[in-house]
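Enquirer: Using the sequences and the hints given, assemble the complete structure.
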Amino acid sequence: EPEVTQTPSHQVTQMGQEVILRCVPISNHLYFYWYRQILGQKVEFLVSFYNNEISEKSEIFDDRFSVERPDGSNFTLKIRSTKLEDSAMYFCASSRDDYGYTFGSGTRLTVV
Amino acid sequence: QKEVEQNSGPLSVPEGAIASLNCTYSDRGSQSFFWYRQYSGKSPELIMFIYSNGDKEDGRFTAQLNKASQYVSLLIRDSQPSDSATYLCAVNGRNTPLVFGKGTRLSVIA
Chain L
1 EPEVTQTPSH
11 QVTQMGQEVI
21 LRCVPISNHL
31 YFYWYRQILG
41 QKVEFLVSFY
51 NNEISEKSEI
61 FDDRFSVERP
71 DGSNFTLKIR
81 STKLEDSAMY
91 FCASSRDDYG
101 YTFGSGTRLT
111 VV
Chain B
1 QKEVEQNSGP
11 LSVPEGAIAS
21 LNCTYSDRGS
31 QSFFWYRQYS
41 GKSPELIMFI
51 YSNGDKEDGR
61 FTAQLNKASQ
71 YVSLLIRDSQ
81 PSDSATYLCA
91 VNGRNTPLVF
101 GKGTRLSVIA
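Just so you know, the sequences run in chain order L and B. Position 101 of the first sequence, counted from 1, bears residue number 101 in this note's numbering, the numbering being contiguous throughout. Position 53 of the second sequence, counted from 1, bears residue number 53 in this note's numbering, the numbering being contiguous throughout.
No wet-lab data here; the hints were simulated from the structure. None of the values given here were measured: they were computed from a predicted structure. Just so you know, not all the hints are guaranteed correct.
Said to hold, decoys possible - Using 30 Å as the maximum straight-line C-alpha spacing, the simulated DSS-like pairs for lysine-lysine come out as follows:
hint : chain 1 : residue 1 : chain 2 : residue 2
1    : L       : Lys78     : B       : Lys102
2    : B       : Lys2      : L       : Lys42
3    : B       : Lys2      : B       : Lys56
4    : L       : Lys83     : B       : Lys56
5    : B       : Lys102    : B       : Lys42
6    : B       : Lys67     : L       : Lys42
7    : L       : Lys42     : B       : Lys102
8    : B       : Lys67     : L       : Lys57
9    : B       : Lys102    : B       : Lys2
10   : B       : Lys2      : L       : Lys57
11   : L       : Lys83     : B       : Lys102
12   : B       : Lys56     : L       : Lys78
13   : B       : Lys102    : B       : Lys56
14   : L       : Lys57     : B       : Lys42
15   : B       : Lys67     : L       : Lys78
16   : L       : Lys42     : L       : Lys83
17   : L       : Lys78     : B       : Lys42
18   : B       : Lys42     : B       : Lys2
19   : B       : Lys42     : L       : Lys42
20   : B       : Lys56     : B       : Lys67
21   : L       : Lys78     : L       : Lys42
22   : B       : Lys56     : L       : Lys42
23   : B       : Lys67     : B       : Lys102
24   : L       : Lys57     : L       : Lys42
Expert: Rendered as C-alpha cells:
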C-alpha cells in the first residue's frame, strides 16, 4: 500500500536554529499538508499546498515557516529561528482529491 | 472558528462490547467527516469516512452522521484490546483543510 514517507523521525535542534523536515507524498496525490501535534494536544493544521502554491495556512504558520516542493516528489517544511514552543510532532499528509488524507509517520522535533 | 468537540475520555469498555464514540462540529458547511485512530506516539490512521446522513458500516465499524444535529459517531462492535487507542474525529468542507478534535481515548479491557 502506498505511504507517505517522512524524514528524519526525530530531530533535535538548538533554539534559534533552522530545521528542514522532509516528506515524500504518495505519487499520484495532488494535495499536500503539514500538521503538528504538541504532546497531549490535538492535531493542528499548519498549511496546505496545491498546484505548487500554498492554498491555505493557519495562524501557527507565521513568517518563520515556509514550504517547498523542490523537485516534484519531495515536500519540505522549513522552520527558521526555532523556538522552544515549536517542539512537537510534525505530520505530513497527502490526498488525491482533498479528502481522506494519508499521514506520514511524523517527525518529532525537539527544540532545546 | 471551526471547532470539533469530543469527550476526551478515557472510555473503558470490556472486550467484546460495543464502544460508542461521539463528536460534534460547529461549521454547518462541513461536508466530509472522518474517523482516525491514533496509537500513542504514532500518526493518525484513517479508519472510516462518511459524507451523507445516516449510517455507514465497514466490518466492525459503523459511522453515523446527523448533519441537522451536527453530530458524528463511531461504533466499534466486538471491541478488542487492540482497539485501545485515541480516536480522532475530523471534519472538512470543500477545499478547506481537515479540522481535528482532541480525540477520545478508548481502553478495551480484556
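Enquirer: If a hint holds in the structure, say so; if it doesn't, say that too.
Expert: The hints, checked one at a time:
Restraint check for L/Lys78 and B/Lys102: the C-alpha separation of about 26 Å stays at or below 30 Å, so the hint holds. Simply put, B/Lys2 and L/Lys42 have alpha-carbon atoms about 14 Å apart, close enough for the 30 Å limit, and the pair holds. About 24 Å separates the Cα atoms of B/Lys2 and B/Lys56, which keeps this hinted pair within 30 Å; it holds. Of the pairs offered as hints, the one joining L/Lys83 and B/Lys56 is violated, with about 44 Å between alpha carbons and a cut-off of 30 Å exceeded.
A hinted pair counts as satisfied when its Cα atoms are at most 30 Å apart, and B/Lys102 with B/Lys42 qualifies at roughly 15 Å. Our distance criterion of 30 Å between C-alpha atoms is met by B/Lys67 and L/Lys42, whose separation comes to about 23 Å. The hinted pair formed by L/Lys42 and B/Lys102 meets the criterion: a straight-line CA distance of about 4 Å does not exceed 30 Å. With a CA separation close to 27 Å, the supplied pair B/Lys67 and L/Lys57 stays within the 30 Å bound.
A distance of roughly 13 Å separates the Cα atoms of B/Lys102 and B/Lys2; the hinted pair therefore holds under the 30 Å criterion. Using a Cα cut-off of 30 Å, the hinted pair B/Lys2 and L/Lys57 holds, with the two alpha carbons roughly 14 Å apart. For the proposed pair L/Lys83 and B/Lys102, the alpha carbon gap of about 24 Å is at most 30 Å, so the pair holds. Among the hinted pairs, B/Lys56 with L/Lys78 is inconsistent with the structure: their alpha-carbon atoms are about 40 Å apart, more than 30 Å.
Of the pairs offered as hints, the one joining B/Lys102 and B/Lys56 holds, with about 23 Å between alpha carbons and a cut-off of 30 Å not exceeded. Straight-line distance between C-alpha atoms of L/Lys57 and B/Lys42 comes to about 24 Å, which keeps the hinted pair within the 30 Å bound. With a C-alpha separation of about 38 Å, the suggested pair B/Lys67 and L/Lys78 falls outside the 30 Å cut-off, and the hint is violated. For a cut-off of 30 Å, the pair hint linking L/Lys42 to L/Lys83 stands: about 19 Å separates their Cα positions.
Taking the CA atoms of L/Lys78 and B/Lys42, the gap is near 22 Å; set against the 30 Å cutoff, the hint holds. With a CA separation close to 25 Å, the supplied pair B/Lys42 and B/Lys2 stays within the 30 Å bound. Restraint check: the Cα-Cα separation between B/Lys42 and L/Lys42 comes to about 13 Å, which is no more than 30 Å; the hinted pair holds. At most 30 Å may separate the alpha-carbon atoms for a hinted pair to count; B/Lys56 and B/Lys67 meet this at roughly 14 Å.
Straight-line distance between C-alpha atoms of L/Lys78 and L/Lys42 comes to about 21 Å, which keeps the hinted pair within the 30 Å bound. Between B/Lys56 and L/Lys42, the direct Cα distance comes to roughly 26 Å. Compliance with the 30 Å bound is thereby established for this hinted pair. For the suggested pair B/Lys67 and B/Lys102, the alpha carbons sit about 20 Å apart, so the restraint of at most 30 Å is met. This hinted pair checks out: L/Lys57 and L/Lys42 have alpha carbons roughly 17 Å apart, not beyond 30 Å.
Violated hints, listed in ascending order, are 4, 12, 15; each of the other numbered hints is respected by the structure.
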